[in-house]
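Quick note, the sequences are listed as chains B and F, same order.
Oh and the first sequence: position 46 is 42 in the numbering used here, straight run, nothing missing.
Oh and the second sequence: position 227 is 223 in the numbering used here, straight run, nothing missing.
Simulated from the structure, these hints should not be mistaken for lab results.
One or more hints might be untrue.
Any copy will do: because identical chains look the same in the list, a pair fits if it lies in one copy or spans two.
[What the hints assert, rightly or not] With a straight-line Cα cutoff of 25 angstroms, these simulated DMTMM-like cross-link-like pairs (lysine to aspartate or glutamate) come out:
| no. | residue 1 | residue 2 |
| --- | --- | --- |
| 1 | Lys83 | Asp33 |
| 2 | Lys373 | Asp10 |
| 3 | Lys226 | Glu176 |
| 4 | Lys100 | Glu148 |
| 5 | Lys359 | Glu310 |
| 6 | Lys150 | Glu107 |
So you can see what is in the structure, the chains are spelled out below.
Protein chains: 2
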Amino acid sequence: MAVEEKQETGFVKDIRKQSVDFPGWYNDVVRKAQLADNSPVAGTMVIRPYGYAIWENIRDPLDELIKQTGHENWYFPALIPLSFLQKEREHVEGFAPEFQLVTKGGGKDLEEPLVLRPTSETMIASVLRDYIQSYRDLPVLTNQWNNVFRWELKARFFLRTREFLWQEGHTFHETATEAEEEVARMLECYRQIAEEWCAIPVLAGRKSETEKFAGAQYSTAIEGMMVDGKALQMATSHYFGENFTRAYDLTFTGRSNERQFPHSTSWGMSTRMVGAVVMAHGDDSGLQLPPRIAPVQVVIIPIFRSDAERHQIEAALPGVLDELDDIRVKVDWRDERPGFKFNEWELKGVPLRIEIGPRDLAKGEAAVVRRLDRLKKAVPLGELALTVPAMLEKIQEALFERARGFREKHTVRLTSLDAVVKFFDTEIGFAVTPWCGRSEDELTVKERTTATTRVILPGSGRPEGPCAICGRPAVTDVAWGKAY
Amino acid sequence: MAVEEKQETGFVKDIRKQSVDFPGWYNDVVRKAQLADNSPVAGTMVIRPYGYAIWENIRDPLDELIKQTGHENWYFPALIPLSFLQKEREHVEGFAPEFQLVTKGGGKDLEEPLVLRPTSETMIASVLRDYIQSYRDLPVLTNQWNNVFRWELKARFFLRTREFLWQEGHTFHETATEAEEEVARMLECYRQIAEEWCAIPVLAGRKSETEKFAGAQYSTAIEGMMVDGKALQMATSHYFGENFTRAYDLTFTGRSNERQFPHSTSWGMSTRMVGAVVMAHGDDSGLQLPPRIAPVQVVIIPIFRSDAERHQIEAALPGVLDELDDIRVKVDWRDERPGFKFNEWELKGVPLRIEIGPRDLAKGEAAVVRRLDRLKKAVPLGELALTVPAMLEKIQEALFERARGFREKHTVRLTSLDAVVKFFDTEIGFAVTPWCGRSEDELTVKERTTATTRVILPGSGRPEGPCAICGRPAVTDVAWGKAY
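Given only the sequences and the hints, what does the whole structure look like? Please build it.
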């Protein structure tokens, strides 16, 4: 194993400083790390291969979890008749401002405009009416991977664009209990993806009435804290009760032969997660990718000054790559200086860099450098197969622990409106307070701080002391934060 | 290994007879095998989990081939400004009748209508202008998995719907040679997916001028013969030369420092492949799935008449499932008669059925039945791990060989227009003839038979004898067929 360890000096890159201009930093990192780029169509973006590969590495384990929990992938049409969307009152009120309408097809005006799906509750309820007759047909557990369209006025890479990619699960159950269990089960899947794959610790819990999904009885979400202290809602899971099934007259014959409405749910996680990974782990040098979702886990940089040295490294490489069989490795042979390459792969957040030069080879070693802290270790070539996976595992944990430490450092418990106002004036992070649950309080806080309730902390029960905002009896603890 | 083998009798199912009403049979199989269903939106369909799982099993190996050949997945916006599409004259003329237009967004009329992508050449050329400066930036090898929209007047499940799923590859090269090699390379990938995964033998070659993609210099395609003798175009790969790059003013600085236009290509395979699998292998009992793409490769049907017998099977099952570790297995414990289950899994095309009853268990065996020919074999339980994968492999080959035999039986070589007309009047299949290459001949044949040229047979060189249609000197052999 390693003996030599030393700290390297950093490099300055052509991106704005995170601490000075976070939104500017975010834009620079997304574009310069080649995750995504502006598109020629207002409000949309182009996802470039490096960004798409991160999405694939989040999508695949999530798809596996979704299948393991008994769901099946369907595909439903993207264009939904306007009248379908108008059947659930709250839903249409929530989404109508974001509609994009198809009014012409095949050279003719359509009789009824078609809406590009902002989400598919209405389409799926309309279709599944034909499949659900009896309690024996329940539960129906559907999922689909697709693109959705919401007319956003201010676009931000991955966080808010007029088209984005996601999965949307939609399920139908005989009883409220089963549906509510489903809502919790899928939130837990999202927590796993966020924490175990993306290394982002989350608060998971219910949203307030104000913050819930249009048409839901209640919504739950996972929320992460970004490096600027703001909250990012990373996935949601909603309980609809009978709201949608009543609106779509979707009924089944129950066990006692009576007509009943199934209880339904929906839940989704999107390409927004790529943005979350950037904002939760990045630093002034650029991206920092958790090894489990990094498209390139290890980059190998050959260091040579002559053709002879180059040949020496070329000869040693097959053995090195053999050692790294199960790892996503890239060898960077480009005709550029090593320093340029170090910079670029740091910007792209590759967790480990291996430098191999003639002096390393003479000692039968390679220099392995962590993106996390630039810690450099000499590792014998024959031990790479053991050492590198262990180092990647450690980096995965370290990123999570660092993000958790950051969140804990920036989470305070407060008991008065004044303290909340002062906090959001001068600090960044989450404020946890006792709360009575009234939306008037949310309005008050929002007006004075721009912060909103993020999630009601689960298991908080009836907290001690009165509501921090209005002094009425508190019924729960809630986390406040400035949200994306 | 097996000793006992016997032929079982068939079952009649509630689907139209293939030989009497092929389109009706196709519709019935697609719906009753639960591959897809009508959607409430005209011209579109709902892909159900069983159909989507087949698609996933085609998509995944294709994605792997696309990556292995050096391409990267991107995601480009689905909505394309109308003006982008109007820049390449042939392209817009070909696709304009199929446009679906978004004219309103966020409650307002858009200044410029957005077209739901029928294909993305125009968007991708517009975006990649910014990435391609020098010959060093080439080739750019992109792919994307997405949904596309074409206003079809007559919808058919999987074959022709107003929205469908596919991948579209778009590449840009320094030289014509490289681009043409790319076109051939991707056609070969499609041939592999069609033949090695879907067990459908294909003719691969160039399309005629009449049949090429709107905007291409030439198109190539793979064409399969369905059980009704008709041709299905299963994937295409196009060479654009400089057509699109000139139209979008996409240039690069070449090796001698002059501005040049890259040579571009595009290629796509879609959910149409699911329809191909149905129509190439199905029979009066329903679907017949090649094992490599079957969502369920083996279904186990427990046969019992008492609780005691049931328990006996339950106790033996873990051992059986252990043997079938790498196989996609489903155990059907539903409360239905075995005959009902046999029928249903035949309809769904599951390649192998394993029946396990107390008598089988007493002999330490299970009865394994092939969907292909209902051949039944008794296999010792301890040999399932060896026997079942070998049987699946054999079925995969047998389906391909059967389809190839069928195609050969229904392909004739003809040398006169009269013979061609007579063939398509009385027979089904492909007619191969010498041809001079003039589109007037295609018109003549189409008017008299509805058949069109499918592909120019590669390597046919200058054939013997004159053009079968008009008597002018022939330059090539071409396959004629009635096409979907």
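Results of checking the hints against the structure:
no.: 1; hint: Lys83 x Asp33; in the structure: between (37 angstroms within a copy, 23 angstroms between copies)
no.: 2; hint: Lys373 x Asp10; in the structure: neither (28 angstroms within a copy, 69 angstroms between copies)
no.: 3; hint: Lys226 x Glu176; in the structure: neither (29 angstroms within a copy, 51 angstroms between copies)
no.: 4; hint: Lys100 x Glu148; in the structure: both (22 angstroms within a copy, 13 angstroms between copies)
no.: 5; hint: Lys359 x Glu310; in the structure: within (16 angstroms within a copy, 60 angstroms between copies)
no.: 6; hint: Lys150 x Glu107; in the structure: between (31 angstroms within a copy, 18 angstroms between copies)
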